[in-house]
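In the order they appear, the protein sequences are chains Y and A.
Numbering follows full-length UniProt numbering, in which position 145 of the first sequence is assigned residue number 145; successive positions increment by one, without gaps.
Numbering follows full-length UniProt numbering, in which position 35 of the second sequence is assigned residue number 35; successive positions increment by one, without gaps.
Derived by calculation from the structure, the hints in this document are not laboratory data.
Please note that a few of the clues may not be correct.
Stated by the list, open to error - Beta-carbon label-pair distances, calculated as ranges: (1) A:His-123 <-> Y:Ser-288: 43 to 53 Å; (2) Y:Thr-192 <-> A:Ser-95: 29 to 39 Å; (3) Y:His-116 <-> A:Met-1: 16 to 26 Å; (4) Y:Ser-193 <-> A:Leu-22: 21 to 31 Å; (5) A:Glu-184 <-> Y:Thr-192: 54 to 64 Å; (6) A:Lys-120 <-> Y:Gln-32: 23 to 33 Å.
Ideal Cβ positions, reconstructed from N, Cα and C, are used throughout, including at glycine.
Protein chains: 2
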Amino acid sequence: MIYTVTLNPALDYFMNYEELALGEVNRTGKTQISAGGKGIMESRMLSLIGAKSKALGFLGGFSGQYIKDFLNENQIDSDFTEIEDLTRINVKLKSQENETSFDAAGPKLQESEINHFLEKFDHLKEDDIVVFAGTIPKSLGEDFYERLIAKVQKQKATFVMDVDGQKLLDSLPAHPLLIKPNREELEAIFETSFKNNEQIIPYGQKLLEMGAQNVIVSMAGDGALLFTNEKVYFAQGIKGELKNSIGAGDSTVAGFLAEYSQSKDPLLAFRQAIACGTSKAFSDDMPSRAFLEEIYKKVNISEVK
Amino acid sequence: MIYTVTLNPALDYFMNYEELALGEVNRTGKTQISAGGKGIMESRMLSLIGAKSKALGFLGGFSGQYIKDFLNENQIDSDFTEIEDLTRINVKLKSQENETSFDAAGPKLQESEINHFLEKFDHLKEDDIVVFAGTIPKSLGEDFYERLIAKVQKQKATFVMDVDGQKLLDSLPAHPLLIKPNREELEAIFETSFKNNEQIIPYGQKLLEMGAQNVIVSMAGDGALLFTNEKVYFAQGIKGELKNSIGAGDSTVAGFLAEYSQSKDPLLAFRQAIACGTSKAFSDDMPSRAFLEEIYKKVNISEVK
Chain Y
1 MIYTVTLNPA
11 LDYFMNYEEL
21 ALGEVNRTGK
31 TQISAGGKGI
41 MESRMLSLIG
51 AKSKALGFLG
61 GFSGQYIKDF
71 LNENQIDSDF
81 TEIEDLTRIN
91 VKLKSQENET
101 SFDAAGPKLQ
111 ESEINHFLEK
121 FDHLKEDDIV
131 VFAGTIPKSL
141 GEDFYERLIA
151 KVQKQKATFV
161 MDVDGQKLLD
171 SLPAHPLLIK
181 PNREELEAIF
191 ETSFKNNEQI
201 IPYGQKLLEM
211 GAQNVIVSMA
221 GDGALLFTNE
231 KVYFAQGIKG
241 ELKNSIGAGD
251 STVAGFLAEY
261 SQSKDPLLAF
271 RQAIACGTSK
281 AFSDDMPSRA
291 FLEEIYKKVN
301 ISEVK
Chain A
1 MIYTVTLNPA
11 LDYFMNYEEL
21 ALGEVNRTGK
31 TQISAGGKGI
41 MESRMLSLIG
51 AKSKALGFLG
61 GFSGQYIKDF
71 LNENQIDSDF
81 TEIEDLTRIN
91 VKLKSQENET
101 SFDAAGPKLQ
111 ESEINHFLEK
121 FDHLKEDDIV
131 VFAGTIPKSL
141 GEDFYERLIA
151 KVQKQKATFV
161 MDVDGQKLLD
171 SLPAHPLLIK
181 PNREELEAIF
191 ETSFKNNEQI
201 IPYGQKLLEM
211 GAQNVIVSMA
221 GDGALLFTNE
231 KVYFAQGIKG
241 ELKNSIGAGD
251 STVAGFLAEY
261 SQSKDPLLAF
271 RQAIACGTSK
281 AFSDDMPSRA
291 FLEEIYKKVN
301 ISEVK
C-alpha cells in the first residue's frame with residue numbers, strides 16, 4: 001500500500017478580482033474551493049492512474065469535513081486523524097496581473113490526537129511506501145518527520161520525501177526511495193546556480209551519495225533529470241499550454257510511485273512521473289485519463305551518463 | 001414574533017497579516033471565522049436581550065452549515081431555506097494600517113428554493129415584525145424586497161427596513177415601522193452634507209413624511225436622533241473605546257425592536273437601541289449582559305423638537 005501523509009492540509013479558497021484596492025471593500029468575481037495539500041494531490045493522482053493509496057494526516061472542523069467529503073466523493077481512500085481545531089483555510093487572490101497567497105497557520109494539535117496519528121505507523125508492512133509531503137504544523141515540532149521516518153524504518157517499510165530545504169537533507173541518511181527537488185530548490189540547497197543541465201548532474205549525484213535511492217530534478221518546461229544508482233536520464237520538456245502548475249510536482253511523485261510500486265523499474269517509473277506531472281500542469285484541475293495517456297506517448301527519455 | 005431576514009448571509013473569514021506583498025505568498029497570523037449577515041447579527045442581539053426571534057434567509061453547503069451550527073449552539077432560533085449552492089465566504093484582511101474586504105458574490109438560487117422561502121411569508125400574523133437587512137443575491141432580482149413587503153402587507157404584519165440608498169426610499173410608501181440610516185447614508189440619499197445636528201432634522205422629518213413610522217439617524221460617536229410622528233429626540237454619544245463597529249447598527253435596530261415589540265413605546269425603544277448599539281461597538285464580539293446594562297444606565301436622551 002502507498003500512504004500519502006499531509007500533516008498540514010488546507011482548504012484553498014480562490015478569489016478572482018478585477019481590481020484590488022487595499023483598505024477598501026472589493027467585490028470579488030468567481031470564487032472556487034479546493035482540497036489542498038501535497039499528499040492529498042498525490043493521492044488524487046494515484047487514484048486517477050488506478051494505484052491504491054491511503055491519505056493520512058490531520059483534519060478538523062467544517063473545513064476538514066469539506067476535504068473528507070471531497071475525498072469520499074472522489075473514491076480516494078483516506079484515514080485522517082480527526083482533530084478538534086479547524087483545518088486551515090488559505091486564500092488565493094487571482095488577477096490578470098498576479099497571484100497573492102494568504103497562507104494561514106496550521107491547527108493546534110493535542111497530544112492525544114498526535115498519538116492517535118502515530119499509532120497508524122505501528123501497522124506498516126515491509127512492502128508499504130509512505131510519502132511525506134509538505135509543511136509541518138508548528139505544534140508538531142520541526143523534528144516530526146524524523147520521528148516518522150524512524151517509525152517507517154522500524155517497520156522495514158519504504159519512504160519518499162517530498163519536502164524542501166534542510167528537512168530534505170536531514171532525511172537522506174535514512175535512504176528515501178525518491179526525492180524530487182526542482183532546479184531552484186537544488187540551487188538553494190547547495191547555494192549555487194545552474195546555467196545548464198550539465199551543471200546539475202554532479203549535484204544530483206551528490207544527493208545519491210548522501211543517501212537518496214532515486215532523485216528527480218524537475219526543471220519545469222525544460223524537462224527533468226532522473227538519477228539512479230546506475231545511470232542518469234533526461235526527459236525532454238513537452239510542449240503545451242501551462243494551465244495550472246499547482247500539484248504538478250506532486251503528480252510527478254505520484255506517477256513515479258504508481259509505476260515503481262508495481263514494476264520496481266525506476267526508468268519506467270520516471271516515464272509515468274513525467275506524464276503525470278506534465279498532464280497535470282496542462283490541465284486546470286486533474287487531467288483526464290485520455291489526456292494523460294496522450295502525454296505519456298510524447299515522453300522522450302535519453303540516457304545522459 | 002420578530003423575524004430577521006438575511007437574503008445573502010456570509011461566512012466572514014478574518015485574516016490578520018503583519019505585512020502584505022501582492023503577488024507573493026504571505027504567511028498569515030491569527031485567523032477567525034464568524035457568521036456574518038445583518039439579520040443574523042440582529043437575531044444574535046435580540047437573543048442576548050431575551051427577545052424571541054427567528055432568522056430567515058438562504059443557507060447552503062459547508063459554509064451555510066457552519067452558520068446553522070453556530071446559530072444552534074447559541075440557541076438562536078432560525079428557519080433558513082436550504083439551498084444547493086454554497087453560502088458565500090467573505091475574506092477580511094486586517095493589518096495595523098487598514099482593513100481590506102473581499103466580498104464574494106451571492107449564491108445561485110433555484111426557483112424551487114425561492115418559492116420555498118416565499119411560502120414562509122404566507123404564515124405571518126398581524127403582530128409579527130419582519131426585519132429586512134442587507135444586500136440581495138443577484139439571482140433574486142433587485143425588486144425582491146418589494147415582493148416581500150407586499151407579502152408582509154397582505155398579512156397585515158409590520159416590517160423594518162435596514163438597507164441603504166434607493167431600496168430604502170422605495171420602501172417608504174409601505175410605512176416601515178423603523179428605518180435607521182446613518183449620517184453618511186442620509187447625506188447620500190439627499191445629496192447634501194451636514195455640518196451639525198440641526199441640519200439633519202428637516203431630512204429626518206422628510207423621511208417621516210415619505211412614510212416611515214420611526215426614523216433613527218445614527219451619528220457614530222456623536223450620538224443619534226430619533227424621529228417619531230410627535231417628537232424628535234437626541235441621544236448623546238457615550239464615551240468608551242471603540243472595539244468593533246461591525247454589527248453596531250444591526251444591534252441598534254435589534255434593541256429598538258426588542259423593546260418596541262413589548263411596550264410599543266418608541267422612546268423606551270430608542271433607549272434600548274442606543275444601549276445595544278453602543279455596547280456592541282465597545283465589544284470585540286457580542287457584549288455581555290452586564291456590560292449592556294451598564295451602558296444602558298449611561299444613555300442620556302433629550303427632547304429636541
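Going down the list of hints, with the structure as the test:
1. A:His-123 <-> Y:Ser-288: 43 to 53 Å: holds, 50 Å
2. Y:Thr-192 <-> A:Ser-95: 29 to 39 Å: With Cβ atoms ~37 Å apart, the hint holds.
3. Y:His-116 <-> A:Met-1: 16 to 26 Å: violated, 46 Å
4. Y:Ser-193 <-> A:Leu-22: 21 to 31 Å: holds, 27 Å
5. A:Glu-184 <-> Y:Thr-192: 54 to 64 Å: holds, 59 Å
6. A:Lys-120 <-> Y:Gln-32: 23 to 33 Å: Since the Cβ atoms of A:Lys-120 and Y:Gln-32 sit about 31 Å apart, the hinted range of 23 to 33 Å holds.
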